[in-house]
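Number of protein chains: 2
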Amino acid sequence: MKKGCPYGTHRVISPKGVLPQPADVIDNTMEIYDNEVLIDVQTLNVDSASFTQIEEQAKGDLDEIKKIMKGIVAKAGKHKNPVTGSGGMLIGTVKEVGPAYKGDLKAGDKIATLVSLSLTPLVIDEIFEIRPDIDQVDIKGQAILFQSGIYAKIPEDMPEGLALSALDVAGAPAQVAKLVKPGDTVLVIGGGGKSGMLCLYEAKKRAGVTGKVICMGHSEKSTNRARNLGFADEYFAASATDAVDTYNKIMELTDGQLCDIVINCVNIENTEMASILACKDGGTVYFFSMATSFTKAALGAEGVGKDVNMIVGNGYTKGHADITLQLLRESDKLREVFTELYS
Amino acid sequence: MKKGCPYGTHRVISPKGVLPQPADVIDNTMEIYDNEVLIDVQTLNVDSASFTQIEEQAKGDLDEIKKIMKGIVAKAGKHKNPVTGSGGMLIGTVKEVGPAYKGDLKAGDKIATLVSLSLTPLVIDEIFEIRPDIDQVDIKGQAILFQSGIYAKIPEDMPEGLALSALDVAGAPAQVAKLVKPGDTVLVIGGGGKSGMLCLYEAKKRAGVTGKVICMGHSEKSTNRARNLGFADEYFAASATDAVDTYNKIMELTDGQLCDIVINCVNIENTEMASILACKDGGTVYFFSMATSFTKAALGAEGVGKDVNMIVGNGYTKGHADITLQLLRESDKLREVFTELYS
Numbered sequence: 001m002k003k004g005c006p007y008g009t010h011r012v013i014s015p016k017g018v019l020p021q022p023a024d025v026i027d028n029t030m031e032i033y034d035n036e037v038l039i040d041v042q043t044l045n046v047d048s049a050s051f052t053q054i055e056e057q058a059k060g061d062l063d064e065i066k067k068i069m070k071g072i073v074a075k076a077g078k079h080k081n082p083v084t085g086s087g088g089m090l091i092g093t094v095k096e097v098g099p100a101y102k103g104d105l106k107a108g109d110k111i112a113t114l115v116s117l118s119l120t121p122l123v124i125d126e127i128f129e130i131r132p133d134i135d136q137v138d139i140k141g142q143a144i145l146f147q148s149g150i151y152a153k154i155p156e157d158m159p160e161g162l163a164l165s166a167l168d169v170a171g172a173p174a175q176v177a178k179l180v181k182p183g184d185t186v187l188v189i190g191g192g193g194k195s196g197m198l199c200l201y202e203a204k205k206r207a208g209v210t211g212k213v214i215c216m217g218h219s220e221k222s223t224n225r226a227r228n229l230g231f232a233d234e235y236f237a238a239s240a241t242d243a244v245d246t247y248n249k250i251m252e253l254t255d256g257q258l259c260d261i262v263i264n265c266v267n268i269e270n271t272e273m274a275s276i277l278a279c280k281d282g283g284t285v286y287f288f289s290m291a292t293s294f295t296k297a298a299l300g301a302e303g304v305g306k307d308v309n310m311i312v313g314n315g316y317t318k319g320h321a322d323i324t325l326q327l328l329r330e331s332d333k334l335r336e337v338f339t340e341l342y343s
Numbered sequence: 001m002k003k004g005c006p007y008g009t010h011r012v013i014s015p016k017g018v019l020p021q022p023a024d025v026i027d028n029t030m031e032i033y034d035n036e037v038l039i040d041v042q043t044l045n046v047d048s049a050s051f052t053q054i055e056e057q058a059k060g061d062l063d064e065i066k067k068i069m070k071g072i073v074a075k076a077g078k079h080k081n082p083v084t085g086s087g088g089m090l091i092g093t094v095k096e097v098g099p100a101y102k103g104d105l106k107a108g109d110k111i112a113t114l115v116s117l118s119l120t121p122l123v124i125d126e127i128f129e130i131r132p133d134i135d136q137v138d139i140k141g142q143a144i145l146f147q148s149g150i151y152a153k154i155p156e157d158m159p160e161g162l163a164l165s166a167l168d169v170a171g172a173p174a175q176v177a178k179l180v181k182p183g184d185t186v187l188v189i190g191g192g193g194k195s196g197m198l199c200l201y202e203a204k205k206r207a208g209v210t211g212k213v214i215c216m217g218h219s220e221k222s223t224n225r226a227r228n229l230g231f232a233d234e235y236f237a238a239s240a241t242d243a244v245d246t247y248n249k250i251m252e253l254t255d256g257q258l259c260d261i262v263i264n265c266v267n268i269e270n271t272e273m274a275s276i277l278a279c280k281d282g283g284t285v286y287f288f289s290m291a292t293s294f295t296k297a298a299l300g301a302e303g304v305g306k307d308v309n310m311i312v313g314n315g316y317t318k319g320h321a322d323i324t325l326q327l328l329r330e331s332d333k334l335r336e337v338f339t340e341l342y343s
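Those sequence lines, one after another, are chains A and B. With the working numbering, the residue at position 22 of the first sequence is 22, and numbering never jumps. With the working numbering, the residue at position 111 of the second sequence is 111, and numbering never jumps.
The hints are simulated quantities; they were obtained by calculation from the structure and are not laboratory data. Incorrect hints may have been included.
Taking lysine-lysine pairs in the DSSO-like style, the calculated list, with each CA pair at most 27 Å apart, reads [said to hold, decoys possible]: (1) K280/B / K3/A; (2) K3/B / K153/B; (3) K280/B / K2/A; (4) K75/B / K140/B; (5) K249/A / K102/B; (6) K16/A / K296/B; (7) K153/B / K194/B; (8) K106/B / K153/B; (9) K280/B / K296/B; (10) K194/B / K205/B; (11) K181/A / K280/B; (12) K178/B / K280/A; (13) K280/A / K181/B; (14) K249/B / K221/B; (15) K102/A / K153/A; (16) K296/B / K194/A; (17) K318/A / K296/B; (18) K280/B / K205/B; (19) K106/B / K140/B; (20) K181/B / K181/A; (21) K178/B / K296/A; (22) K296/A / K318/B; (23) K249/A / K16/B; (24) K296/B / K178/A; (25) K249/A / K296/A; (26) K16/B / K296/A; (27) K318/A / K249/B; (28) K67/A / K140/A; (29) K333/B / K318/B; (30) K318/B / K153/B; (31) K249/B / K205/B; (32) K280/A / K16/B; (33) K95/B / K153/B; (34) K178/A / K318/A; (35) K75/B / K16/B; (36) K181/B / K178/A; (37) K318/B / K178/A; (38) K2/B / K249/A; (39) K318/B / K280/A; (40) K249/A / K318/B.
Owing to the predicted nature of the structure, the values given are computational and were not obtained by experimental measurement.
With these hints in hand, go ahead and build the complete structure from the sequences.
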């Protein structure tokens, strides 16, 4: 059995020397290296941007969607959408574990891979069913998990769909758990969204009765959704693209003290300055939004002389899947809203 | 006297509701609000990208450069290059301080503003001299510093040009001073560059004899420059766009332990993965490079399952100018190389 690199570089065909994610073509031979895991795939959870693009290209025709998806994998050895560059995740059952693989997986374990499909060696034998409303595709096929690939075991005490909907954004609340301290004033921008609601719950848990959690929603609808959950101390709806307006509102809600921690969960552009201005000097701005611009954040903070610590949201942190699934067990309200909206 | 907003929003003409930096047109009337500082400008230190663009547009003709620069300011009320979007900084003497301004400035102080020209109200009466080799332009004119605008007093114990060359990158070593602890293993990517050399010096000072500082240079030339300074423990030249190669080299130099802190100072694209792979789990990657892509960093770390703390380089942190100027006083070697190369 051949020895593999933890990052899967042994499977890169072209271009040479890059990692599997940026690679154009990877080797999807379903014979494992010594540190790999072979998975019988049940469902592909295609990235939302990717699925929408494929659906549009196929003009909504299901057979055409199947053809496009099979074509992507046949060409690249993985399901990396050539237009959007994005992947998704998969659900399946462990078939075989390499002898040198370090981890707690064994044959028969049901898992969700939390690394992107854009770097996961995949073979699609057959596509059974497409569920366009939730971007899911049931297939017969196999995939490879590298040593460095993160995953979560599907819990037995909750419906699969519910677990998956939360695992999709597992990084955010787990990072909040590390950041927020008792007594902190925390602003969650986009608090009525999927990751935002998890962050609100975790932030209030950590900040405690001496802390203050402020929920800023993008619309009245999402703000009311968060208000009904009742995790935060203050709620308001506003556009985070209006930095000055956001700043004035936060000044008012914090008696001019501003926030210790600002969590940006809103996937729209130009919200960097609102996040920075809402944060006090010495505080932390955590950008979980993929619409964040590095230069707008860096130059923006310098331009207004703000000494804030700005963190690039890492979708992974140790134990993030366990931390996030636990929130659904702790809070009936979260479980209900996630069941209703996302599963 | 009218009351001003600390961020200068009172000077924004269009579009309404934005901050002065993204604004198209700001009010450059040289009559101060109560919390502003009026400056008699001596020299504009135009951002390198901006100056290069203007020089090319003018085909190197000095009179044409003057015309373009005056045109930008006449139209926008500030020197924000409409093509590059960037500004620069200025040197001048404080003429008047508003009664509500909080800070230690008084009339007669010679300062360099460290906020961008892209947000600084400016009037150019006359352009005296252009020094294309160092992007500097001597003018007769005036500018406004907002309450939030950062600046440094020009020190009297070193040549002006030397101080300015270091102030230009003051954020980087000041952030290193906050991050690096005794015993840390630190990688500086781009250690032979301007900010890289300052970071190497500060990193070794903080990591101490029990720590290890590794300098990675982009070329043999820049690596040798750093080697001659002698601040680091290890030196090598390689391309940080090759993540796998960088990872293997760092594994070798750290006995498989990888680094506690990785400082990225190299202004080229696609160096995120090399920075992430070189860092150990639980470590910190500090991106000072403006070529950093937020999504490449965020998705890259998740893709390889790295639990690293990734920080957006903030050009400002409290005391950054003092910290950086002090390095030039402490180290004769730094002072020599900065005098030779940048002043």
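Against the 27 Å threshold, does the CA-CA distance of K16/B and K296/A hold or violate the hint? holds (19 Å)
Regarding the pair K178/A and K318/A, is the alpha-carbon distance no greater than 27 Å? holds (11 Å)
Does the alpha-carbon distance linking K280/A and K16/B stay inside the 27 Å limit? holds (25 Å)
Assess, step by step, whether the Cα of K296/B is no farther than 27 Å from the Cα of K194/A, and give holds or violated. Roughly 22 Å separates the two Cα atoms, so the pair holds.
Taken at face value, is the distance from the CA of K280/A to the CA of K178/B at most 27 Å? Since the Cα atoms of K178/B and K280/A sit roughly 18 Å apart, the hinted pair holds (cutoff 27 Å).
Please work out if K3/B and K153/B have their alpha carbons no farther apart than 27 Å. holds (25 Å)
Proposed proximity, K140/B with K75/B (alpha carbon, max 27 Å): Holds, because 18 Å separates the two Cα atoms, which is no more than 27 Å.
For the pair we were handed, K318/B and K280/A, check the Cα-Cα distance against 27 Å. holds (13 Å)
Hinted pair, alpha-carbon criterion (27 Å max): K249/A, K318/B. Please report holds or violated. holds (26 Å)
Is it true that the CA of K153/B sits at most 27 Å from the CA of K194/B? holds (21 Å)
Between K249/B and K221/B, does the CA-CA distance stay at or below 27 Å? The given pair, whose Cα atoms are some 19 Å apart, holds under the 27 Å limit.
Given the hinted pair K249/A and K296/A, is their alpha-carbon gap at most 27 Å? holds (22 Å)
Of the numbered hints listed earlier, not one is contradicted by the structure.
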